[in-house]
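Undergrad: Sequence:
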Amino acid sequence: MIRKFFFPTIILVTALIFTVRLISLQLINSSYKSLSDDNAVIENEVFPERGYIYDRNNKLLVSNQPVYDLIAIPENITAFDTLQLAKIINISKPELQNKLSTARKFSMKLPYVIVNQISKERNAIIQEKIWKFTGFYLQKKSLREYPNPIASNILGYVSEVNRNDMKKDDYYSLGELTGRQGIERYYEDLLRGVKGKKFFQKDRFNRIIGSYEDGIYDIPSKGAQNLILTLDLELQEYGEKLLRNKRGGIVAIEPETGEVLSLVSAPSYDPNLLVGRMRSKNYRDLTLDSISKPLFDRGLQAQYAPGSPFKTLNALIALQEGVINSNTTYRCNHGHFYARGMFMDCHCKYGTYNNLLSGIFRSCNTYFANIYRKTIDESGDGVAEGVNIWKKHLLSFGLGNYLGYDLPVGKKGFIPDASYYDYWYKEGGWKSATIVSNAIGQGEILTTPIQMANFTATIANRGFYIKPHFLKSVSNGTFKTINEKKITTIDSIHFETVIDGMYQVVERGTARVARIPGIEVCGKTGTVENFVKIEGVKTQLTDHSMFIAFAPKDNPKIALAVLVENGYWGARWAAPIASLLIENYLTGEVKRKWLENRMLNGNLLAEYEKPFSGKPFLINE
Numbered sequence: 005m006i007r008k009f010f011f012p013t014i015i016l017v018t019a020l021i022f023t024v025r026l027i028s029l030q031l032i033n034s035s036y037k038s039l040s041d042d043n044a045v046i047e048n049e050v051f052p053e054r055g056y057i058y059d060r061n062n063k064l065l066v067s068n069q070p071v072y073d074l075i076a077i078p079e080n081i082t083a084f085d086t087l088q089l090a091k092i093i094n095i096s097k098p099e100l101q102n103k104l105s106t107a108r109k110f111s112m113k114l115p116y117v118i119v120n121q122i123s124k125e126r127n128a129i130i131q132e133k134i135w136k137f138t139g140f141y142l143q144k145k146s147l148r149e150y151p152n153p154i155a156s157n158i159l160g161y162v163s164e165v166n167r168n169d170m171k172k173d174d175y176y177s178l179g180e181l182t183g184r185q186g187i188e189r190y191y192e193d194l195l196r197g198v199k200g201k202k203f204f205q206k207d208r209f210n211r212i213i214g215s216y217e218d219g220i221y222d223i224p225s226k227g228a229q230n231l232i233l234t235l236d237l238e239l240q241e242y243g244e245k246l247l248r249n250k251r252g253g254i255v256a257i258e259p260e261t262g263e264v265l266s267l268v269s270a271p272s273y274d275p276n277l278l279v280g281r282m283r284s285k286n287y288r289d290l291t292l293d294s295i296s297k298p299l300f301d302r303g304l305q306a307q308y309a310p311g312s313p314f315k316t317l318n319a320l321i322a323l324q325e326g327v328i329n330s331n332t333t334y335r336c337n338h339g340h341f342y343a344r345g346m347f348m349d350c351h352c353k354y355g356t357y358n359n360l361l362s363g364i365f366r367s368c369n370t371y372f373a374n375i376y377r378k379t380i381d382e383s384g385d386g387v388a389e390g391v392n393i394w395k396k397h398l399l400s401f402g403l404g405n406y407l408g409y410d411l412p413v414g415k416k417g418f419i420p421d422a423s424y425y426d427y428w429y430k431e432g433g434w435k436s437a438t439i440v441s442n443a444i445g446q447g448e449i450l451t452t453p454i455q456m457a458n459f460t461a462t463i464a465n466r467g468f469y470i471k472p473h474f475l476k477s478v479s480n481g482t483f484k485t486i487n488e489k490k491i492t493t494i495d496s497i498h499f500e501t502v503i504d505g506m507y508q509v510v511e512r513g514t515a516r517v518a519r520i521p522g523i524e525v526c527g528k529t530g531t532v533e534n535f536v537k538i539e540g541v542k543t544q545l546t547d548h549s550m551f552i553a554f555a556p557k558d559n560p561k562i563a564l565a566v567l568v569e570n571g572y573w574g575a576r577w578a579a580p581i582a583s584l585l586i587e588n589y590l591t592g593e594v595k596r597k598w599l600e601n602r603m604l605n606g607n608l609l610a611e612y613e614k615p616f617s618g619k620p621f622l623i624n625e
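So in the working numbering, the last one in the sequence shown is 625, and the numbering has no gaps at all.
A couple of the hints might just be wrong.
In silico DSS-like links for lysine-lysine, alpha-carbon gap of 27 Å or less [said to hold, decoys possible]: (1) 113 <-> 199; (2) 201 <-> 226; (3) 395 <-> 415; (4) 537 <-> 416; (5) 378 <-> 435; (6) 395 <-> 103.
Honestly, the hints are just simulated from the structure, not real lab data.
Whenever a hint applies, use it, and build me the whole structure from the sequences.
TA: Shown next as structure tokens:
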């Protein structure tokens, strides 16, 4: 009985073992498969199309155009007509030979890009004859395309990976593209997707005859994500037009959400310059432009003294510390002596009395010098603690540190504390009068335009802000909206008087040019002193024009900061530009064409040439 079933059992078990082993060799163990596929099968990477980028209203900012790379695997190359291939791919024979030599030195087994970014038209020609050249194949990919040549500083650019990139991330292979700056870099993982693989069967003439084994070994790519940005395309485009032939930055934020509506840096460049075979030359030209610095984002990286807009923060701190109230009054005598022989000028007439409201809309230097000194002297136990308390309040507005927005560049700005002054003076060798320039936003304080826009949004919100950001949503819906409120150290009750003062700045103060019929605009002008070193000598140049604003006064929809370098005073350039942007955004049109034409046609290029001309000039002439 046992003998009856023994031999059939042995045969069945043996067959089962062979079957499992065969499956393992053919389907599981890829090393055996690779050996059999060496010459008959070609493996191509499948690149998902890079994600598209849209503005907040789903208007296209960045798309793709198809291109092709000619790739070679040196160990697979057999003898071929070098001259014929060179003619087909439109390069010289020596150039082709040099590329092949480089490919062999790089690796005999790894794919190497011989010619990149071949157009779809030339690709059609090459496809007809590529079968003649064993070891060569074409790989499709895409280049970025910008339907609207704007926002280059925000969007960034892509370029081919190098060996360092491949060492850092083994996802990449030679010839692939990666984000280098801006949104393209920050959200690279979302925009690139995940590569797949396709295997093709070749015949004895090296021609692809179809999918290998019906595609059972193919690995599908995972689609990249399309990004919806917070930017308003029309507002961004309008801001760039207004800053044409000028230098400076504009940052506009939606106060309630922290969404960045516009980030303008001027001078800028057409993002299409960094696409295609001329990318390297164009990038070099942009980099070497040390005068205009088009690759330098003035909205995020440029640090300026904030000037008079900073008075609003000093007012809030003084109120919070209880050293003044809204009725606290000081007399201005066209300025005041803050120490023996030390006089701070002011444009208020001799004998002008100001309370907090009028101090703001008249931008009285005397008023703010007094309340700043009072804050430093009375807030803590001595001036050192007073300065540190003052700094603590400013930090709560996002000053003196990175804001954490989703772009890879930026500067911290600077807010001094007691240790800073102890370093430059001796401990106890300074007092509030020594650092009184901080009262009017000069001195040692440095801010970036995005920090200025953010604290303006904080004032508009009556004491909180949401971290500025550029990404609104992604196509798969997995993005978590940023909504965490950053609460300042200033009680909300103190903001109303300051806001009323900012409203009066526009209605009857230094920024009457910014009035918009039917819209309550709150703002503050600034004239920022501008010093540079020319051949090692500290030289004062024409002042910068600064303006912060938000509108409407209640339930604000936009807050912004505008800085125009060498723009004389705040009301000359910055305030009109800010006003036009507000009108355009809130109403969809600009009715004050006289003002618009003046700003669009305005030109400060001659001003920027003065430091290099060698000719003497008057400040703010």
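Undergrad: When the structure is checked against the list of hints, which entries are broken? Sort them ascending.
TA: 6
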